[in-house]
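Visitor: Chain by chain, the residues run as shown.
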Amino acid sequence: DAGVIQSPRHEVTEMGQEVTLRCKPISGHDYLFWYRQTMMRGLELLIYFNNNVPIDDSGMPEDRFSAKMPNASFSTLKIQPSEPRDSAVYFCASRHDSTDTQYFGPGTRLTVL
Amino acid sequence: SQQGEEDPQALSIQEGENATMNCSYKTSINNLQWYRQNSGRGLVHLILIRSNEREKHSGRLRVTLDTSKKSSSLLITASRAADTASYFCATDAMSAGGTSYGKLTFGQGTILTVHP
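Chains as they are written, first to last, in my numbering: chain A, 1 to 113; chain B, 1 to 116.
Just so you know, the hints here were simulated from the structure itself, not pulled from any lab data. Please note that a few of the clues may not be correct.
[Said to hold, decoys possible] Below 30 angstroms or equal to it, Euclidean Cα-Cα: the simulated DSSO-like pairs (lysine-lysine) are: (1) A:78 with A:68; (2) A:68 with B:70; (3) A:24 with B:70; (4) B:103 with B:26; (5) B:56 with B:103; (6) B:103 with A:78; (7) B:56 with B:69; (8) B:70 with B:103; (9) B:56 with B:70.
Quick caveat: nothing in here was measured; it's all calculated off a predicted structure.
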């Protein structure tokens with residue numbers, strides 16, 4: 001298996017622009033998680049899905065952030081408009097319902113200028 | 001807020017020595033997990049210990065869990081330069097009904113440096 005795939009790996013954009021991060025979970029996994037990692041706040045859970053349905057989005061910072069999972073093999077995290085404080089590494093992770101172990105993607109390093 | 005608090009924040013040792021990292025948490029848990037993150041990479045699962053377990057081993061890793069103190073420790077024996085990484089504990093909190101929320105809360109991590 002290729003593991004969790006994220007794209008792009010790096011994204012540099014200017015303040016005010018829309019940013020879309022993409023994730024392909026491991027095939028057959030039921031859960032998908034979006035995290036944000038910064039030096040100041042560590043690793044924060046933004047939102048997670050179970051069977052493509054958002055379960056908990058309490059970690060989404062504000063309305064500028066939105067996430068979708070249109071099918072079992074694809075999810076997006078969108079920031080519109082982006083701000084410099086959104087600069088971070090964004091990770092996607094997935095897991096199967098039969099296990100508690102999460103499998104992480106390589107992350108997307110976002111820089112908002 | 002972070003569920004897990006880790007100690008120390010950074011640890012520097014020589015190859016061959018043992019490394020011990022500690023994690024404290026605040027709420028009742030179903031399980032506690034340890035993950036490793038190499039610089040610039042995603043997190044990799046190392047070991048999981050359930051709330052009814054006290055100790056678990058996996059190769060050179062030993063994890064203990066004390067639910068009365070709400071704490072866990074990760075011991076890496078005979079460390080190698082390749083063990084250099086950040087190590088995170090993550091808790092699967094228990095709901096009032098005794099079930100899992102289905103999500104993990106991560107600590108701030110311990111940066112381990114193993115010198116050759």
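Visitor: Against each hint, give a clear statement of whether it holds in the structure.
Guide: Here is how each hint holds up against the structure:
1. The hinted pair formed by residue 78 of chain A and residue 68 of chain A meets the criterion: a straight-line CA distance of about 8 angstroms does not exceed 30 angstroms.
2. Of the pairs offered as hints, the one joining residue 68 of chain A and residue 70 of chain B is violated, with about 35 angstroms between alpha carbons and a cut-off of 30 angstroms exceeded.
3. Between residue 24 of chain A and residue 70 of chain B the CA atoms are separated by roughly 35 angstroms; this puts the pair beyond 30 angstroms, and the hint is violated.
4. Proposed proximity of residue 103 of chain B and residue 26 of chain B is supported: the alpha carbons are some 15 angstroms apart, at most 30 angstroms.
5. Only pairs whose Cα atoms come within 30 angstroms are accepted, and residue 56 of chain B paired with residue 103 of chain B is accepted, the gap being roughly 22 angstroms.
6. A threshold of 30 angstroms between alpha carbons decides the hint, and for residue 103 of chain B with residue 78 of chain A the separation of about 21 angstroms falls inside it, so the pair holds.
7. About 17 angstroms separates the Cα atoms of residue 56 of chain B and residue 69 of chain B, which keeps this hinted pair within 30 angstroms; it holds.
8. For the proposed pair residue 70 of chain B and residue 103 of chain B, the alpha carbon gap of about 18 angstroms is at most 30 angstroms, so the pair holds.
9. Distance check on the hinted pair: residue 56 of chain B and residue 70 of chain B sit about 16 angstroms apart at the alpha-carbon level, within 30 angstroms; holds.
The structure fails hints 2 and 3 (numbered hints given earlier, in ascending order).
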